[in-house]
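Asker: Next come the chains, spelled out residue by residue.
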Amino acid sequence: MARNRYDVDEVLEEKFDIKQLKRMIQYIAPHKKKMLLALFFMLSSAFLVTFIPKFMQLEMDRYIPEKDIRGITGLVVVTALICVYAAICTHAKIKLTVSVGQDIIHQLREDLFCHLQELPFQYYDERPHGKIQVRVVNYVNSLSDVLSNGILGTITDLFNLIFIIIFMFGMNVRLTLFCLCGLPFLILFVVVIKRYQRRAWQRQSNKQSNLNAYIAESINGIRVTQAFVRERENTKIFNYLSKSYRDAWMYASYYGFAMGPAVSLISTLTTAFIYVMGVSYIANGAANGITVGVLTAFTAYISRFWTPINTIAAFYNSMVTAVSYLERIFETIDEPVAVRDAADAVEMPKIKGMVSFDHVDFSYEDGIKVLKDVSFQVKPGETIAFVGPTGAGKTTIVNLLSRFYNVDSGRVLIDDIDISKVTLHSLRTQMGVMMQDSFIFSGTIMDNIRYGNKDATDEEVILAAKTVCAHDFIMQMEDGYQTQVNERGSRLSVGQRQLISFARALLADPAILILDEATSSIDTETELVLQEGLSRLLKGRTSFIIAHRLSTIQNADCIMYISDGGIAEAGTHEELLKKKGKYYELFTSQYQIENKI
Amino acid sequence: MTPMKWFYSFLRQYRWRMFFGMVLVTVLVAAALSSPYISKIIVDDVITGEKYDLLMPLIFVLIALVIVQGVCRVGSQMLFETSSQGVLFQMRDKVYRKLLREDFAFYNKNRTGDLMSRQTGDMDAIRHFIAYVIYIIYENVLYFILALVMIFRFNIWLALSMVIILPLAAATTYWQAKSVRPAFKKVREAFSSLNAFVQENISGNRVVKAFAKEEYEIEKFSVENDKYRNAELGAAKIWKRFVPIFELLSNMLNILLMLVGGVMVIGQQMTLGDLVAVNGYLWMLTSPLRMAGWWINDVQRFTTSVEKIYDTYLAEPDIKKPKNPVACKKLMGNITFRNVSYCAEGEDILQDINFEVKQGQTIGMIGTTGAGKSTVMNLLCRFFDVTEGEVLVDGINVKDLDMHDLRGNIGIAMQDVFLFSDTIEGNIAYGVPDCSFERVEKAAKMADADSFIQELPEGYDTIVGERGVGLSGGQKQRISLARALLKEPSILILDDTTSAVDMETESYIQKQLANINHTCTIFIIAYRISSIMNADQIFVLDRGKIIERGTHRELLEKNGYYATVYHHQFPKQ
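For the protein sequence lines, the chains are C and V, in the order given. For the first sequence, the working numbering assigns the number 1434 to the initial residue and increments by one for each residue that follows. For the second sequence, the working numbering assigns the number 80 to the initial residue and increments by one for each residue that follows.
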């Protein structure tokens, strides 16, 4: 799959179906009790409140003509009690629905986040990060109200509606049927616009996602933007995305705007129809039990029939919006986990450090092989260095070792165990990887190092920092290990960041250590001290080192020259020099440069 | 300026549109109030009074009224929605521009996710306010006032007894607004912090996986997720006290009418017909009152969001454009650092740096990790301001130059390569977005990136992931170098740009740099001697000071730090 970028909409293949809603119900189901209780409060208070106008009627029809002050007082007291009860119900209902709504989105967000933790690098590599984020935070948030309050309100309205329809049937069947005539038109209208409406909201959510992606990148790349004086151009792009979002929003809203007036229009036409028919019946001699009294009473109920329909339509509208977010959320939750524990995966036993690649083929994208038939064997405790031109596949080899990706064919074995047969957790906790990009989390320096082993004591953290020569510069900072750093970490130089992530890897006490350009931005002096400390640490651990500085790797037990997705040469420094092959060329090029002076 | 005034400065230009929207709402209210009146005539005169010939005209009026209502409803919603989108568009633009102007110090303090929340979640509360809350409140206030006026016309005493509710409602409004505000502030903070956490987790996904810390991340996430839920629940805990009070107040009107109205009719201070009429209007008083608690929430959510956005917007960068910048589009590249010191957060980062570079020279910088090499370059680009001393380019203090003019003359390939999720071509042409493909290709060739780009299935159109995911470290560095070269700057800064490329590639790149045909001052920061040994001057930095300087030969003879490093990197066979 091609990578997505900020100005490209993500296609959603799936067709709309009721499954999304069914799945949503699974999230609501655990809160059945609370929902039912809330429903009880809503219905009971709604039921009681309908008596208030009846009491008013009673007062005007009976007590006032009879000048019955006592009767009025009685009514007032009962009404007051109903009002107090209604207020208590509202209070209870709010408490219940807010907590249900928040619990639902809490759960949904948790599921989404947990699934994201399992998704492999590829997933993150294929799209701007802002687009993933918007799902976890913004999309989920827009659901809370619809899913609790909205649903309950609709149920209450449905009850109202049924109640009124029954009542109307009781008054006059024919007129009620006339009244129901309007509904098919409304349903037709809803069905017709639904398709467009759904597409419009999908577009809107896409545009929102694009904008979010661009904001995230703008903030993360601010240094480059300022250095390249790109502010004006970026503002243009930003405004273009912002405008697309606005337009998509407006377009999607139009459908919602049409809903209310459509309901009113249909309801008025239906009412008019009833007047006309009713009047003609009466004029022609009160057929079908339609009398002046019945028609008058009936018209009073027509508006009570359409009010709940109006609110249900409004709910339907917000549901369509919610579904366009739900689809995206479920799409992510359904994203297959390419790299996952096999069904019968076992714990990786304590690693001794024997590593072998057995005819490994690998490609990131179909058809473009990055590794071709790579085989090698490493004994426990050996240090292996990979050299070769950039992009030859060195990083890929070490990534396969931690099973960040699955091999296309062949096997990767550690201690003769195929790593695809063990749990990822037991495998990766025994590997220490120091990557090309050293990521710093916001928090203290202490926390960042401790990331490797959250049970480590402060002393252990400091020891790790001392081993990688990071202690001195950390102590120079105003709060030492408690100094706050952040993701962009511009307080730290790249070299310092590398040292911190080095300490992090060491603290994990790995059986296999992988250093991918781990020291490219560290000065030679520091590196020498570092290596001294390291050589003690590396004893007994298998380690893989990728480096361009040959001084870093000369002492390795085996140097592999990687080019074109395979191992071109392998051997010790001396052996490879004797061979006069590619490594020799690489090595002597340093001296050529030197000799030129 | 207060946050609200700031907000109004955006809304101002839409005030006529909003006004017109309100006019439509007024018409709508009038039409809505007339419809029942028509229905009443139909029932009284047509059905009961048997004036059948009036039916058709009345029905037409009824339908006409509904159409008027529909038109007014759609029209006003459009007006409010477009106003709100207009305000939002401009506010986003303004905040975005401001973010682009903020200096590094600001970005060191603020987390990406926090800043993003200002542009997303907080903006949404504003949208909702303009598009919905304003008109719904106006519409309901209109109903409320109209109903009151009519009730006053029917009976002053009845009306006055109902007005008693008003101070109670006002007091409740005040209390709710006041007590719910801090709670909503907490909600916004929790939202922001959740957003920031998720953002970092996604950015750091490689580290999370490498350390198999998924469970730990989920734990931390749960804290944030809980915090957000609890903030919302905490707010609900407060406002759920007030919403029923409004409901109670609204129902009290019913009781008042029942009691006062009944007694007055019995006492013959008003007619039964008046009571029936007032009862018909009562919903216009009660339903606005019933909903008031919810709208107060919306208003408060809106104000806290405006405040949050404005807070971020207010932060002024320390690095400011000079009032009267020296006009200078093209710089030559003569650079002087005079007694420059720089300290940040109590830490001396550079001390007393002095050097002079003539245009066209190549300068090498080497030194320990964290010695301050990149900082020297950051001061030159004026990403930071010197604490003491001055940085001059072509004899002009960089503080007197427009930053854009200054930086426009500098091409920098940063140590921490950042690529955008865009095509490779787009990334290389980042500084000159509308340049020709030939220039992109030329720059890529100079940076020795062309060959590997050509090998990619989609060549220059390959989209690279965020931060250049999918490319190796060396490939990213070369793209970043090409990006800097494409600008054809007078000053080129290569900050550790070739650390991840092999020596052969590096020496190729050096040859290309030597062949740059315009005058270009080049700074090369590196750890490899081979990267800098051909430089005209080499500075060795240690702990913020230049400890050695000279050419490669001079430095070797000096037998100091440089020579030691040299011997380490090129051990005698």
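By construction, these hints were calculated from the structure, which means they are not laboratory data. It is possible that part of the hints are untrue.
Claimed, not checked - FRET-style restraints, in silico, Cβ to Cβ:
#1 V:THR598 x C:SER1789: 54 to 62 Å
#2 V:VAL220 x C:ILE1451: 53 to 61 Å
#3 C:ASP1680 x V:GLN533: 35 to 43 Å
#4 V:GLN92 x C:VAL1606: 56 to 64 Å
#5 V:SER258 x C:GLY1603: 42 to 50 Å
#6 V:ASP540 x C:ARG1773: 29 to 37 Å
#7 V:ASP540 x C:GLN1915: 43 to 51 Å
#8 C:PHE1480 x V:PHE231: 45 to 53 Å
As the list claims (entries may be wrong) - Only some residues are given here: those of chain V computed to face chain C with a beta carbon under 10 Å:
#9 MET157
#10 PHE300
#11 LYS316
#12 ILE324
#13 GLU426
#14 VAL543
#15 LYS624
#16 ILE626
#17 ARG628
What the hints assert, rightly or not - BS3-like, lysine-lysine: derived pairs with alpha carbons at most 25 Å apart:
#18 V:LYS524 x C:LYS2015
#19 C:LYS1500 x C:LYS1455
#20 C:LYS1669 x V:LYS524
#21 C:LYS1785 x C:LYS1676
Think of the CB as a built atom: it goes at the ideal place given N, C-alpha and C, for glycine as much as any other residue.
Asker: Each of the hints needs a verdict: does it hold here or not?
Answerer: Hint check results:
1. V:THR598 x C:SER1789: 54 to 62 Å: holds, 56 Å
2. V:VAL220 x C:ILE1451: 53 to 61 Å: At roughly 42 Å between Cβ atoms, ILE1451 of chain C and VAL220 of chain V fall outside 53 to 61 Å, so the hint is violated.
3. C:ASP1680 x V:GLN533: 35 to 43 Å: holds, 38 Å
4. V:GLN92 x C:VAL1606: 56 to 64 Å: Since GLN92 of chain V and VAL1606 of chain C have Cβ atoms about 57 Å apart, the given range 56 to 64 Å holds.
5. V:SER258 x C:GLY1603: 42 to 50 Å: holds, 48 Å
6. V:ASP540 x C:ARG1773: 29 to 37 Å: The hinted range 29 to 37 Å holds for ASP540 of chain V and ARG1773 of chain C, with Cβ atoms some 33 Å apart.
7. V:ASP540 x C:GLN1915: 43 to 51 Å: At roughly 47 Å between Cβ atoms, GLN1915 of chain C and ASP540 of chain V fall inside 43 to 51 Å, so the hint holds.
8. C:PHE1480 x V:PHE231: 45 to 53 Å: Between PHE1480 of chain C and PHE231 of chain V, where Cβ atoms are some 34 Å apart, the hint is violated.
9. MET157: holds, 7 Å
10. PHE300: holds, 5 Å
11. LYS316: holds, 8 Å
12. ILE324: With a minimum Cβ separation of about 7 Å from chain C (threshold 10 Å), the hint on ILE324 of chain V holds.
13. GLU426: holds, 6 Å
14. VAL543: At about 7 Å, which falls below the 10 Å cut-off, the nearest Cβ of chain C leaves the hint on VAL543 of chain V intact, so it holds.
15. LYS624: It is violated, given that the least Cβ distance between LYS624 of chain V and chain C is near 14 Å, above 10 Å.
16. ILE626: Status violated, d = 12 Å.
17. ARG628: Check failed: Cβ of ARG628 of chain V comes no nearer than 17 Å to chain C, outside 10 Å.
18. V:LYS524 x C:LYS2015: holds, 24 Å
19. C:LYS1500 x C:LYS1455: violated, 58 Å
20. C:LYS1669 x V:LYS524: With Cα atoms ~29 Å apart, LYS1669 of chain C and LYS524 of chain V exceed 25 Å; violated.
21. C:LYS1785 x C:LYS1676: Violated, because 58 Å separates the two Cα atoms, which is more than 25 Å.
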